[in-house]
Amino acid sequence: MDRKVAFYTLGCKLNFSETSSIGRLFQDAGYEPVAFNEKADVYVINTCSVTDHADKKCRKVVKEALKYSPGAYITIVGCYAQLKPKEISEIEGVDMVLGAAEKFNIIEHINELTKQPKAIIHNQPISETNIFVPAFSIGDRTRTFLKVQDGCDYSCTFCTIPLARGASRSGKISDIVKQAEEIAASGIKEIVLTGVNIGDFGLQNGERKENFLDLIKALDTVEGVNRFRISSIEPNLLSDEVIRFVASSKRFVPHFHMPLQSGSNRILGLMRRRYKRELYTERVNTIKSLMPDCCIGVDVIVGFPGETREDFLETYQFLNELPISYLHVFTYSERENTIAAQMEGSVPGASRSERSKMLHILSEKKRRLFYEQQLGKQVEILFEGDQKNGLMHGFSSNYVKVETPYDPLLINEVIEAKLLSISEENHVKIQQLTETFIH
1387 MDRKVAFYTL
1397 GCKLNFSETS
1407 SIGRLFQDAG
1417 YEPVAFNEKA
1427 DVYVINTCSV
1437 TDHADKKCRK
1447 VVKEALKYSP
1457 GAYITIVGCY
1467 AQLKPKEISE
1477 IEGVDMVLGA
1487 AEKFNIIEHI
1497 NELTKQPKAI
1507 IHNQPISETN
1517 IFVPAFSIGD
1527 RTRTFLKVQD
1537 GCDYSCTFCT
1547 IPLARGASRS
1557 GKISDIVKQA
1567 EEIAASGIKE
1577 IVLTGVNIGD
1587 FGLQNGERKE
1597 NFLDLIKALD
1607 TVEGVNRFRI
1617 SSIEPNLLSD
1627 EVIRFVASSK
1637 RFVPHFHMPL
1647 QSGSNRILGL
1657 MRRRYKRELY
1667 TERVNTIKSL
1677 MPDCCIGVDV
1687 IVGFPGETRE
1697 DFLETYQFLN
1707 ELPISYLHVF
1717 TYSERENTIA
1727 AQMEGSVPGA
1737 SRSERSKMLH
1747 ILSEKKRRLF
1757 YEQQLGKQVE
1767 ILFEGDQKNG
1777 LMHGFSSNYV
1787 KVETPYDPLL
1797 INEVIEAKLL
1807 SISEENHVKI
1817 QQLTETFIH
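All residue numbers for the sequence shown refer to my numbering, where the first residue is 1387 and numbers rise by one.
Please note that a few of the clues may not be correct.
Straight-line distance between alpha carbons at most 25 Å, and here's what the computed PhoX-like set of lysine-lysine pairs gives [to be verified]:
(1) Lys1787 <-> Lys1399
(2) Lys1774 <-> Lys1804
(3) Lys1804 <-> Lys1763
(4) Lys1603 <-> Lys1674
(5) Lys1472 <-> Lys1442
(6) Lys1504 <-> Lys1446
Simulated restraints, written as ranges between beta carbons of each label pair [claimed, not checked]:
(7) Met1729 <-> Gln1510: 27 to 37 Å
(8) Glu1802 <-> Tyr1454: 40 to 50 Å
(9) Pro1419 <-> Glu1720: 34 to 44 Å
(10) Ala1415 <-> Asn1812: 12 to 22 Å
(11) Ser1572 <-> Ala1736: 48 to 58 Å
(12) Thr1694 <-> Glu1720: 16 to 26 Å
(13) Leu1665 <-> Glu1498: 47 to 57 Å
(14) Glu1758 <-> Gln1502: 56 to 66 Å
(15) Leu1599 <-> Gln1502: 42 to 52 Å
(16) Asp1772 <-> Asn1516: 33 to 43 Å
(17) Glu1498 <-> Gln1703: 55 to 65 Å
If you're looking for bench data, these hints aren't it; they were derived computationally from the structure. Glycine included, every Cβ here is placed at the ideal spot set by N, Cα and C.
Work out the full structure: start from the sequences and follow the hints.
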């Protein structure tokens, strides 16, 4: 066929896993994948609705694609495509928009590649998106993102994800184990479990058939994978049993990313989060009591409607006192069709920016302290394939980012090393302790 396809992904790890799976559909159909900055017949842009300025980002990426290949067929998929199909279809150069239920049928829709005067939209109501489609990324980095769950049944007042991805649903443990074995056979050393609300794993056709603890126990037996890493998991779903299992596991690493969103119980109530700060503290303390060197990442939103300066300072102090390792800070922005967008007490933009800056500084301090606490320890490091200024990077099992002089033999290898000092870039320098690789 000699047709070429290129991809661009906006947003989360789940999107990356799905883009990779869509890419394999194109390869099976005879398309050759090329880099986004190369001339292609088809460009597929996987969009996000969580990050700011989705419309602006989408327009910019479309414009870039047409710069490389003016006559190319442009298809938009992903969360933003589900939420705003008509808006996207009016972007100059867009030929097709596929909603959540249609994106994995892209080959059927795209066969003709005939550009029409108006963009074609295939978009079902989100209530009809109830099938779990497996996905995993492979071939683009040393870690793979394995999708185990999709959709969300929660109703947080700020979030559009249930509108963009539908109800919570999961794959079967037996199928996910087979995918993990396939990934292991490809030589990948680390698998990151991803989804929208992975702690809610186990819902199939609206019924709870399995659970997250059983999933990770089954994956722990997969040979050939050095590491499993759990991506973001809600604190009310991160049970003591899951924490204890990770603490005893040889494959699941001591690293949790646990959304908080606010350290004020009043704001958590307005957000309709399913826990209070006291539960969050319990979870952190349990993790640290069983795994003192565990890395704990936190999501937090600043500038939510009604958040006073006192509420923010309560959040700041709460985070400052917790033994966490880093923050992902999100500045609240209004989303259509969400309850929060209609709430009173809008926080001025300047205050949102100021609060965001304060928490970014706190995050750097937390990460620095965590790294300092790890110095002198012996760890196993998996190296990535990147190179910058003669250096390459890797991560310890507890997510310490290290740097060492570039050596192609280290790519996708696990070695034992001692953590020595922190560089100006806030990475950790190492002393390699083993010449042989750990398999």
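For each hint, the structure was consulted:
no.: 1; hint: Lys1787 <-> Lys1399; verdict: holds, 18 Å
no.: 2; hint: Lys1774 <-> Lys1804; verdict: holds, 22 Å
no.: 3; hint: Lys1804 <-> Lys1763; verdict: holds, 6 Å
no.: 4; hint: Lys1603 <-> Lys1674; verdict: holds, 21 Å
no.: 5; hint: Lys1472 <-> Lys1442; verdict: holds, 15 Å
no.: 6; hint: Lys1504 <-> Lys1446; verdict: holds, 19 Å
no.: 7; hint: Met1729 <-> Gln1510: 27 to 37 Å; verdict: holds, 30 Å
no.: 8; hint: Glu1802 <-> Tyr1454: 40 to 50 Å; verdict: holds, 44 Å
no.: 9; hint: Pro1419 <-> Glu1720: 34 to 44 Å; verdict: holds, 37 Å
no.: 10; hint: Ala1415 <-> Asn1812: 12 to 22 Å; verdict: violated, 44 Å
no.: 11; hint: Ser1572 <-> Ala1736: 48 to 58 Å; verdict: holds, 49 Å
no.: 12; hint: Thr1694 <-> Glu1720: 16 to 26 Å; verdict: holds, 18 Å
no.: 13; hint: Leu1665 <-> Glu1498: 47 to 57 Å; verdict: holds, 53 Å
no.: 14; hint: Glu1758 <-> Gln1502: 56 to 66 Å; verdict: holds, 59 Å
no.: 15; hint: Leu1599 <-> Gln1502: 42 to 52 Å; verdict: holds, 50 Å
no.: 16; hint: Asp1772 <-> Asn1516: 33 to 43 Å; verdict: holds, 39 Å
no.: 17; hint: Glu1498 <-> Gln1703: 55 to 65 Å; verdict: holds, 59 Å
Comparing the model with each earlier hint shows a violation of hint 10 alone; every other hint is respected.
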